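Can you make the complete structure from the sequences, with help from the hints?
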Amino acid sequence: MAFRPRRALAVFWKDFLDLRKNVGLLVSMAVLPTVMVLVPIGVVWSYVRTPNHADLRSVALFYDPTLPLGASAARFLIDKTLTDWFGMFLVMPVFVPILVASQSVAGEKERRTLEPLLASPVTAAELVTGKSLAALVPAVAITWVAFVFFCVGVDIVAWPLVKMPLMPDALWTFGVFVIAPLFAFFGNGVAVLISARVSEARMAQQLAALVVLPIVGMVGGQVAGFLKAGLGYYALQGAVVLVLDAILLWASIRLLDRERLVSRWG
Amino acid sequence: MSGILVEGLGKRFGERTAVEGLTFHVRPGEVFGLLGPNGAGKTTTVRMLTGLLRPSEGEASVWGHRVDRDGEALRKVVGLLTEQPGLYDRLTARENLRFFMKLHELDEAQAWPRAMHYLERFGLGGREAEPVGGFSKGMRQKLAIVRTLVHDPRVIFLDEPTSGLDPESARTVRDSVAELASEGRTIVLCSHNLAEVERLCERVAVVKRRLLAMGPVKELRRAGHALDVRVEGEAERFRNVLVSLPFAPNVLAEGARLRVMLADEAHAPEVVACLVGAGARVHSAVPAQRPLEEVYLELLREGRG
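Chains as they are written, first to last, in the UniProt record's numbering: chain H, 1 to 266; chain B, 1 to 305.
For the record, the hints were derived by calculation from the structure and aren't laboratory data.
It is possible that some hints are incorrect.
Unchecked claim - Below, simulated BS3-like cross-link-like pairs (lysine-lysine); rule was C-alpha separation at most 27 Å, straight line: (1) K163/H / K80/H; (2) K21/H / K137/B; (3) K137/B / K102/B; (4) K102/B / K21/H; (5) K76/B / K102/B; (6) K228/H / K80/H.
As the list claims (entries may be wrong) - Facing chain B, a subset of chain H residues (Cβ under 10 Å, in silico): (7) W13; (8) D18; (9) E108; (10) A119; (11) S120; (12) I142.
Claimed, not checked - Footprint (simulated), chain H over chain B, 3 or more residues, beta carbon under 8 Å: (13) 42–53; (14) 90–99.
Please read these numbers as outputs of a predicted model, since none were measured by experiment.
All C-beta atoms, glycine included, are put in the ideal place defined by N, C-alpha and C.
Right, here's the structure in full:
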C-alpha cells in the first residue's frame, strides 16, 4: 500500500479544522502556555525587585556553595531559574498534543465517525501521519509563540538588573527548536497509542497525561539540587525521547490497524 | 468480475464465531437484501466486504477486488452507509463532504456537482454551509447518504438507510436506491424494515451466523404450492367443489378469495377449470404469497433449532 501524502493531509486538514472550531479545547490549550510564560517572568521579577535581599544569597549558596562573594545572588538565581524552567517548559509540547490527539483518535470512536473513515481508502500510516500532524503543528506553534512571549517578558523584567537581554540563550534556542518538537512527538505518540486502546477521549487524556509526571519529577530534582540541568542534560533527554518516538511511531501504526480498531469497538 | 462474490466466508473473534460458511453472489445492478436479527453477523459480513475486517475463512471479492488483499482498491469502489451517520458535528455539511472527497483524492471541481445533485435531491440544498451539529436526525442521515455516494461508488452497502427519516424523505431515498441500481451499481441493503426490503430488493439472504435462506423475494414469499384465487361473490360457495379434488385437500375461503393448497402447482389450471365449470367467474389465480415478515420469522425459528 503506497503512502499518499494527499490523504494524510486530508486527515490533517479535517482535524485542524475541527480543532479550530472546538472552543473548549482551544481554551484548555491556552491555559498551560500562559502559566508557563507568566510564572518564570514573575519569579525573575521578584529577584530583580529585591536583588540585595539577604535570603537570596542563602538560597544561591544552597545551589552553589562556591558562589564568589562579589557575585550577584539575584543574577545567579535568575540564571538558575531560566535553566531549570526549560525542563518545566517541556511539559507544554508534551501536554498540548495529548489534548489534541486524544480527541482526534478516541474522539472518532466516541462520535462513531471512525467506521466511515476506515471504510475510505486512507491507510493506517496516512491516518497516523495526518492525526499526528494535527496534534504536533499546534503544539510546536504554541511552544514557539510562548517562547517568544517568554523571551520578551523575561528581558523586560530582568533589564533593570542585568542591563542586557538574557533571552534567547543557546540552551533555550536549541531546546525550543530541537528538543521541544521531539517531546511533542512523544506526547502525541503516547496519546495516539492510548487512544487506540480506549473508547473515550477523556480517559485517553487522563492516561496519556501521566507521562508528564516524570518530566515534572526531574524538574523537582533540579529544584531540590539533586540534578544539575544544562545543555548536555537536556540534549540527553532529547536523545532518549528520540528513541522513544521511533518506538511509539512503529507501535501507533501497528495499533491503528483497521481490524484491531473495528473489532475493539465492542 | 463485477458485483459481489462470496464463497464460504466466515469470521471468528477468538473463540466466538460471528459468521460461518456464507456463500452468495450479487450481480451488478441488483439490490440485494441482507436480513437477520441483531447480532446475526450482518454488520460483520459488511465489514468484511468493505475491507474493515479480514475474513477468518473463505473468499470474497467486491467488484473484482479480493477483500483479503486488495483493501485500498476495494475501498475506492465501495460506499458504506453505517448504522450511525458518523458525521463531524463541528464541521459544516460542505466540510464533511470535502473531507471524504479529499480522502478519495477526487477533483473537487468535478465531485461537487454530484454532491450538490444529491444534496438538492435530499432537500439539503442551501444548508451545506451549516454545522452538522445543528442538523436533525433525518438531515444527518441524508447527509451521510450523500457522503456515501460522493465518490461515485460501484458497490454500495446501506445499513438502515431510511432510519429516522420522514415518509417523504424515506421515499426519496428508496427512489434513489432504485435509480442507483438502474445505473448498474450493486447495492446491499441491511434493514429490519421488511416492507422496504420487499419493495427494493430482488433477492434477499436471511442470515443468523450462517445463511438460513436466500433467493428472490417472490420465491421466498411463496406459500408452498398454494394458489390464491379471486372469484366474483362469496368464495365459500365453491369450496366444496374444490375439496372434492384429489390434489387439493385443503381449501380456505374468505370473502371473494380462495386459498387452495395444492400437492403440485402443475394442478393450478385444473383448479381454475373446475371453478369455471362450477359457474364461478374467476378474476385472478396467482401463486399464494406470504408476507415477508412471516417467512423471515419462520426462518429464524427454524434456524434456532
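Structure versus earlier hints - violations, ascending order: As far as the earlier hints go, only 12 is violated by this structure.
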